[in-house]
Amino acid sequence: MTPYTDIQGEIRQYLLGTLSEDARRRVEERLMTEEAFLEELTMAEGALIDDYVGERLTAAERSEFGQHFLSTEERRRQLRFTQALGRYADAAAGKVAGAREPARPAPTMGERLRGFWGGLSWGPRAGLALACVAVIVGALWLARPVAPPTPHTFVALTLASDSGDRSGGPDVPEVPLPLGADALKLTLTLPAGTVPAASYRAEMLTGVGRTEVVEVAGRDERTVTVVVPEARLARGQYAIQLYADNTERRVGSYLFNVK
Amino acid sequence: MKHESSITQASFDSLLAWLDPDRDRAAGKYEQIRRRLIRLFACRGRHDAEELADETINRVTLKATDVSKEYVGDPSLYFYGVAQKVFLESLRKRPPQPFVPQPSPAEAEETEREYECLERCMEELGPASRELVLDYYRNDRRAKIDHRKELAAQLGIAQNALRIRVHRVRATLQECVSGCLGQTSPA
Numbered sequence: 062m063t064p065y066t067d068i069q070g071e072i073r074q075y076l077l078g079t080l081s082e083d084a085r086r087r088v089e090e091r092l093m094t095e096e097a098f099l100e101e102l103t104m105a106e107g108a109l110i111d112d113y114v115g116e117r118l119t120a121a122e123r124s125e126f127g128q129h130f131l132s133t134e135e136r137r138r139q140l141r142f143t144q145a146l147g148r149y150a151d152a153a154a155g156k157v158a159g160a161r162e163p164a165r166p167a168p169t170m171g172e173r174l175r176g177f178w179g180g181l182s183w184g185p186r187a188g189l190a191l192a193c194v195a196v197i198v199g200a201l202w203l204a205r206p207v208a209p210p211t212p213h214t215f216v217a218l219t220l221a222s223d224s225g226d227r228s229g230g231p232d233v234p235e236v237p238l239p240l241g242a243d244a245l246k247l248t249l250t251l252p253a254g255t256v257p258a259a260s261y262r263a264e265m266l267t268g269v270g271r272t273e274v275v276e277v278a279g280r281d282e283r284t285v286t287v288v289v290p291e292a293r294l295a296r297g298q299y300a301i302q303l304y305a306d307n308t309e310r311r312v313g314s315y316l317f318n319v320k
Numbered sequence: 017m018k019h020e021s022s023i024t025q026a027s028f029d030s031l032l033a034w035l036d037p038d039r040d041r042a043a044g045k046y047e048q049i050r051r052r053l054i055r056l057f058a059c060r061g062r063h064d065a066e067e068l069a070d071e072t073i074n075r076v077t078l079k080a081t082d083v084s085k086e087y088v089g090d091p092s093l094y095f096y097g098v099a100q101k102v103f104l105e106s107l108r109k110r111p112p113q114p115f116v117p118q119p120s121p122a123e124a125e126e127t128e129r130e131y132e133c134l135e136r137c138m139e140e141l142g143p144a145s146r147e148l149v150l151d152y153y154r155n156d157r158r159a160k161i162d163h164r165k166e167l168a169a170q171l172g173i174a175q176n177a178l179r180i181r182v183h184r185v186r187a188t189l190q191e192c193v194s195g196c197l198g199q200t201s202p203a
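Those sequence lines, one after another, are chains A and B. Position one of the first sequence corresponds to residue 62 (my numbering), numbered consecutively onward. Position one of the second sequence corresponds to residue 17 (my numbering), numbered consecutively onward.
Isolated chain B, as found in the complex (with noise of 0.2 Å):
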């Protein structure tokens, strides 16, 4: 990207100060910024979404001696401003195409690895979050709502805090799972 070549330390610095003080802080608030805007992307609909948020974060890079000076108010909106104009950009130079999900071995195997790794990490976990995991997604077909309304219930929590536990014993998981087709995948 063309901008990159222009982005200096300085501007970097400046940058990184007008989002805190605090440079560690700083550094924090950059990279929370930078996920929100990938999420933001992806929401829209764009498989790029990674490329548009470093787009996005190198305008506001160029600027940040001027805009810092000026500017009132939380940055992450200016950020957000930005990203607008990034996005409106995409469209007219790369239309987005509907994904059109194409079947493949190769994706047929890495389910089934994804399975066997599944498998490993649940045995991991503790016997509470197991068996909240296996009933919260057991496939009842004859009572797909009310089995969760049930297991809420029978945990003495509302649903919405049956969700995020469940949400939270999923992210382990997930990073497990990770973790294990990390290690495994195939040369």
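Pulled out of the complex, with its shape left as it was, chain A reads as follows (with noise of 0.2 Å):
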């Protein structure tokens, strides 16, 4: 295959609807002829849905993305796919860095260290053992995660689960932004009839279809509560899928948009 290197960045462009009419139309006119510029343009497809995804997109790209290039099913379908394969691929990645966890080095290195150690008389190996202490600890309070700060002022919705018969209405409920606080707190009503679980487990889907973790802030029999900060928000629909004891047994599913 012939590869079009030096017009990658212009069926970018073609696919994001950002060219001009005459650039259009020479795209096109290569497009209903040339035999191998369609698999071109379809592997320019496949790596600015890979971007989509790797957020390496620009923000005017991503505005794009979303309104002109999702208006097929084609194409929503192949970001579903790519976003199922970086979840495998991450996965495969948490599992293979688990597994390689206990891996010490060689044995003639620790020989050597025990070799070094065992040299010491005592007070330099109790002085050599305080400094790494000292640096050990020292080089932990340095890389520790900065938690996001903790939101004090909320905006609070109620929910009840979608009945899946959704016509996208006036009945879904709409929340503003700016929300005028650090972040929403939604009340999710579980339906009639649910058992309450011991814990839930509760996942955003966004409007371009990317799926996120959201925090459970608590619940009692008949409700949870999940967090979600203005950060978070962009204008658009959402639905929150409660899930129950860490299984994959959905307990509801609850819509909003944000406008």
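Please keep in mind that the hints were generated in silico from the structure rather than gathered at the bench. Any given hint might turn out to be false.
Restraint-style ranges between C-beta atoms, simulated for each label pair [as the list claims (entries may be wrong)]:
1) GLN128/A - ARG129/B: 23 to 33 Å
2) GLU191/B - LEU201/A: 15 to 25 Å
3) GLU276/A - HIS163/B: 27 to 37 Å
4) GLU273/A - ARG146/B: 20 to 30 Å
5) TYR87/B - VAL274/A: 23 to 33 Å
6) GLU264/A - GLN25/B: 53 to 63 Å
7) VAL274/A - GLU191/B: 27 to 37 Å
8) ALA169/B - ALA154/A: 11 to 21 Å
9) GLY241/A - GLU126/B: 33 to 43 Å
10) LYS320/A - ARG136/B: 35 to 45 Å
If you want a taste of the chain B side facing chain A, the calculated C-beta under 7 Å gives, among others [as the list claims (entries may be wrong)]:
11) SER30
12) SER92
13) GLU130
14) LEU134
Beta carbons are placed, not taken as given, at the ideal position from N, Cα and C, and that holds for glycine.
Fit chain to chain and form the complex, with the hints in mind.
Encoded structure:
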């Protein structure tokens, strides 16, 4: 296949709908007449979706991606597939990292260290040990994950589970942006007859097909409360999927719009 | 569509003959043109891309007997010209609506089924292809671009060659997942 490396940028602009009329016509004429061009375009679509999922698009490109590129069911299917690939690859990387953790250096290094340590007298050993502890504690302190600021103010909204017969109309609650508060606190009413669970997991589906875990802040026999910081919200439609006991048993699906 | 009732076997035969004297090759070119038209309309933001492609082909078919005698050049470009008109008419009749995704429980279920199928299909890949896909798609947020450059360097190939290789493996995976989803779709 001939690599169209010289016009990959132009093809990307074409996919995002940002080319001039003349440039678009040139690209389309090549699409209609050059045998390899269709596959190049298909690859460019895949690369664009990869970059979207990997958060490598600019804000303007993300906007065009959502408004123009995702116009067909086929492309939305491609997006879901790429997201699934990313999830799978990340999960596999996590498993491999865990399997590698217990590995230790070759015995010769350990023997050398033991030999060095064994050669020290009591005083230098104590001093070296204290110095090592101080360095380790200092490094851990500096490397500690910085927790996001705890939200203090909330906009509260109570949601009932979607029955599945969704028309997308005015019944779906709406919240405005900016919220005027640190976070959105959603009280999710459990469907009638639901057996309360010991714990819950909540995932938020965003309007462009991303799935994010959201914090479960509290629960009682009839409701579960989740908190979504304002910084994670953008205009669009959202669904909170609630699962019980860290299983795949979905308790409910809760819809809301951000406008 | 009202055009369909006017399309005759004779006009369809004229179309194929115009595309290629060999009927089998002509059929292949016909399919190729149709795929490209669908992609063209999709790239122009039309969710009804297949419908518009078929409309384009129908109009060309109706005129094929006359056009094929006079037209000089690649027939694909004639189809392109008709597609432009079809597109403009479609804007007047059905202005494009920006897609507003509506996440739903059904879609979430479909996503999970797709993931399960992907797990199965990944097991069927050869080890080299599986490792390639895993390395390419792992989400290293600390160095989003660099890890693919590194991967290409490790394999001793250019980044574009890496992209092509991954694209082919991905196409195989997608076909496998589509087949799996078709087999496991709920009744």
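Hints versus structure:
Taken as a hint, the range 23 to 33 Å holds for the pair GLN128/A and ARG129/B, whose Cβ atoms sit roughly 28 Å apart. Taken as a hint, the range 15 to 25 Å is violated for the pair GLU191/B and LEU201/A, whose Cβ atoms sit roughly 48 Å apart. Our hint of 27 to 37 Å for GLU276/A and HIS163/B holds, since their Cβ atoms are close to 29 Å apart. The supplied range of 20 to 30 Å is met by GLU273/A and ARG146/B, whose beta-carbon atoms lie about 27 Å from each other.
Taking the beta carbon of each, TYR87/B and VAL274/A are about 59 Å apart, not inside 23 to 33 Å as hinted. For the hinted restraint 53 to 63 Å between GLU264/A and GLN25/B, the CB-CB distance of approximately 55 Å keeps it satisfied. Separated by about 31 Å at the C-beta atoms, VAL274/A and GLU191/B satisfy the suggested range of 27 to 37 Å. At roughly 19 Å, the beta-carbon separation of ALA169/B and ALA154/A lies within the given 11 to 21 Å, and the hint holds.
The hinted window of 33 to 43 Å between GLY241/A and GLU126/B holds, with their beta carbons roughly 36 Å apart. Taking 35 to 45 Å as the suggested C-beta distance range, the pair LYS320/A and ARG136/B conforms, at roughly 41 Å. A least Cβ separation of about 20 Å between SER30/B and chain A goes past the 7 Å threshold, and the interface hint is therefore violated. With a least beta-carbon distance of about 4 Å to chain A, the hint placing SER92/B at the interface is held under the 7 Å criterion.
Below 7 Å, beta-carbon pairs count as interface contacts, and GLU130/B has one with chain A at about 5 Å; its hint therefore holds. Among the interface hints, the one on LEU134/B holds; its C-beta lies about 5 Å from the nearest C-beta in chain A, closer than the 7 Å criterion.
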